[in-house]
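Please build the complete structure, drawing on both the sequences and the hints.
There are 2 protein chains.
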Amino acid sequence: MNRHMDKPIKLTEVCLRDGSHAVAHQFTENQVRDVVRGLDGAGVHYIEVSHGDGLGGSTVQYGKSLINEMKLIEAAVDECKNSKVAVLLIPGIGTMNELKQAHELGAQLVRVATHATEADVSAQHIHKARELGMEALGFLMMSHSVSVTTLIEQAKLMESYGAEAVYVTDSAGALLPNEVRERIKALRQSLQIEVGFHAHNNLSLAVANTITAIEEGATRIDGSVRCLGAGAGNTQTEVLAAVLDRMGIDIGIDLYKLMDVAEDIVGPLIPGSQEIRKGSLVLGYAGVYSSFLLHAERAGKRFNVDPRDILVELGKLKAVGGQEDMILDVAAELAKNDKVRA
Amino acid sequence: MNRHMDKPIKLTEVCLRDGSHAVAHQFTENQVRDVVRGLDGAGVHYIEVSHGDGLGGSTVQYGKSLINEMKLIEAAVDECKNSKVAVLLIPGIGTMNELKQAHELGAQLVRVATHATEADVSAQHIHKARELGMEALGFLMMSHSVSVTTLIEQAKLMESYGAEAVYVTDSAGALLPNEVRERIKALRQSLQIEVGFHAHNNLSLAVANTITAIEEGATRIDGSVRCLGAGAGNTQTEVLAAVLDRMGIDIGIDLYKLMDVAEDIVGPLIPGSQEIRKGSLVLGYAGVYSSFLLHAERAGKRFNVDPRDILVELGKLKAVGGQEDMILDVAAELAKNDKVRA
Numbered sequence: 001m002n003r004h005m006d007k008p009i010k011l012t013e014v015c016l017r018d019g020s021h022a023v024a025h026q027f028t029e030n031q032v033r034d035v036v037r038g039l040d041g042a043g044v045h046y047i048e049v050s051h052g053d054g055l056g057g058s059t060v061q062y063g064k065s066l067i068n069e070m071k072l073i074e075a076a077v078d079e080c081k082n083s084k085v086a087v088l089l090i091p092g093i094g095t096m097n098e099l100k101q102a103h104e105l106g107a108q109l110v111r112v113a114t115h116a117t118e119a120d121v122s123a124q125h126i127h128k129a130r131e132l133g134m135e136a137l138g139f140l141m142m143s144h145s146v147s148v149t150t151l152i153e154q155a156k157l158m159e160s161y162g163a164e165a166v167y168v169t170d171s172a173g174a175l176l177p178n179e180v181r182e183r184i185k186a187l188r189q190s191l192q193i194e195v196g197f198h199a200h201n202n203l204s205l206a207v208a209n210t211i212t213a214i215e216e217g218a219t220r221i222d223g224s225v226r227c228l229g230a231g232a233g234n235t236q237t238e239v240l241a242a243v244l245d246r247m248g249i250d251i252g253i254d255l256y257k258l259m260d261v262a263e264d265i266v267g268p269l270i271p272g273s274q275e276i277r278k279g280s281l282v283l284g285y286a287g288v289y290s291s292f293l294l295h296a297e298r299a300g301k302r303f304n305v306d307p308r309d310i311l312v313e314l315g316k317l318k319a320v321g322g323q324e325d326m327i328l329d330v331a332a333e334l335a336k337n338d339k340v341r342a
Numbered sequence: 001m002n003r004h005m006d007k008p009i010k011l012t013e014v015c016l017r018d019g020s021h022a023v024a025h026q027f028t029e030n031q032v033r034d035v036v037r038g039l040d041g042a043g044v045h046y047i048e049v050s051h052g053d054g055l056g057g058s059t060v061q062y063g064k065s066l067i068n069e070m071k072l073i074e075a076a077v078d079e080c081k082n083s084k085v086a087v088l089l090i091p092g093i094g095t096m097n098e099l100k101q102a103h104e105l106g107a108q109l110v111r112v113a114t115h116a117t118e119a120d121v122s123a124q125h126i127h128k129a130r131e132l133g134m135e136a137l138g139f140l141m142m143s144h145s146v147s148v149t150t151l152i153e154q155a156k157l158m159e160s161y162g163a164e165a166v167y168v169t170d171s172a173g174a175l176l177p178n179e180v181r182e183r184i185k186a187l188r189q190s191l192q193i194e195v196g197f198h199a200h201n202n203l204s205l206a207v208a209n210t211i212t213a214i215e216e217g218a219t220r221i222d223g224s225v226r227c228l229g230a231g232a233g234n235t236q237t238e239v240l241a242a243v244l245d246r247m248g249i250d251i252g253i254d255l256y257k258l259m260d261v262a263e264d265i266v267g268p269l270i271p272g273s274q275e276i277r278k279g280s281l282v283l284g285y286a287g288v289y290s291s292f293l294l295h296a297e298r299a300g301k302r303f304n305v306d307p308r309d310i311l312v313e314l315g316k317l318k319a320v321g322g323q324e325d326m327i328l329d330v331a332a333e334l335a336k337n338d339k340v341r342a
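Residue numbers (full-length UniProt numbering), protein chains in the order written: chain L, 1 to 342; chain E, 1 to 342.
Everything hinted at is true.
One copy or two, either will do: identical chains are not told apart, so a pair holds if it fits within one copy or between any two.
Derived pair list, reagent style DSSO-like, types lysine-lysine, alpha-carbon separation capped at 30 Å: (1) 156 / 7; (2) 278 / 10; (3) 278 / 257; (4) 257 / 318.
Source of the hints: derived by calculation from the structure; they are not laboratory data.
Since we're looking at a predicted model, the values are computed, not measured.
The structure is reproduced here in structure tokens:
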């Protein structure tokens, strides 16, 4: 264990943001209040509240929210005695105005998220957040799909814009523990600021990857109670808390209270189950965005190709969001090459 | 990676044995036939078929099986073209006669399971199995609760009886990756025979622990498709297969076929969900048998003590199955000491 003790570990609970995907953005104000009250009582440091795709995500393209996220942020702030409310912002989806509004409602931290090769689009939003007096952190999505060298370059850009931490964000749940280790280690060596880690559980490695990140010095970690997040969910917070307790690492969260929030408050909100199913598994295996899944299934049917082969190929090509057209090309190519898996 | 390449890795699928707990021992013959046909087609090496508590487990105490396990073993053997059928036997529950009968029906491998301090009770059954021409492996349950030194001693006993492999069996899903590493490493260094690993997912570490075991040279590994096993289930086989594939380790199983078995055949058999809930989490956290849970809840109510504190205390005392009386004593003691958690 070579965890650096310079900063305490801070947990951001994402079940009300990443988990928004899992409930098709249908959180009610009362649900948010109940969850926040429970998490605040358990001592969670930050609670992220936003549309699943961040501020401004409530659109036809990304899924309409039942309740305006600003109302939910206001309610969350109202319920917090100690926890701080965080928001997510993806430049291109969320705007400066929305950031300002969230800040005025009491959000104290923003994570500005970009694709792992596009840190440069985060500059303005990080500047703005710092100017507003918010904590501003960078979030490098799909971190598995770029080399460690690229990741360092991009993280340094975010640092230069004023980010106070940069996250290795495993959006597709595709990273293996040794890949997390090498990324966190590299960022710890290259940055002056804190390093964070955000996992997805598509390969059932979220908890293991998070403790690996902590061992390597990550001090900003993410969890979602009952795994309520996109795909197979994130690092299950109450499980992580139990594991950290067994490891002798105290992050100041009350394990039993957190377990009760999971069982009694968040559990009943889950529409299906957060088990690892075929869909989420193949996303982690292929290392692609979840938005590709439906397109790949359609293309597979049209070209008589296994959709999994399409997704694996897209993963190799490092396709990013917005490149859904590429899916048909890949399917056609696979069909032509007779690479159809029997 | 210091995996020893002397023996190929062999997977035993336990969803029809450990998973028997998850379906309250209500598997039908047709269900077993469907699952075995799928697993055999995917290239799984061994398929374990027995009552959840092993041969002879169908009792009022352990739960009555819907269908006699011998009938299920026979059906499984009938469906196998390449896979071999394995059985579990816990001395004291299963008998020599049942072992002989399973062998006559075509079971080719037996895992003789004892508590991690009681390997000596496995001698006769291992001898008998070898005499019958079966593969005989030792299974040290609750391996987390004993020192590495004790584990080595007990494993050596099993080796001396003729066991061809000994498993580190994490019955409570309580081991952390570094604890798995040290145990597998120690057994690899101390034994001439193969070393195996059987996980439970109560702390969401089953896949990570299994790949750690493989890195340290374990060549006998267990998985349960869709996590169908006691507590939070075992190492989810199709997820493990995807992870091993990403690691470049080929164990000769067809990933896509396995994913299809999981989604289309095993998934529909799951009565609830295999998510990590409060009950399974606390078992992993405390490191105790699942049979203690209900007793602890009752005792907690009676003495106004949090049942989790009772379980944690039992874990510290290294209580084993059959010591359920101890639960009331612990609860009374906790109440007296006013250790009640507010």
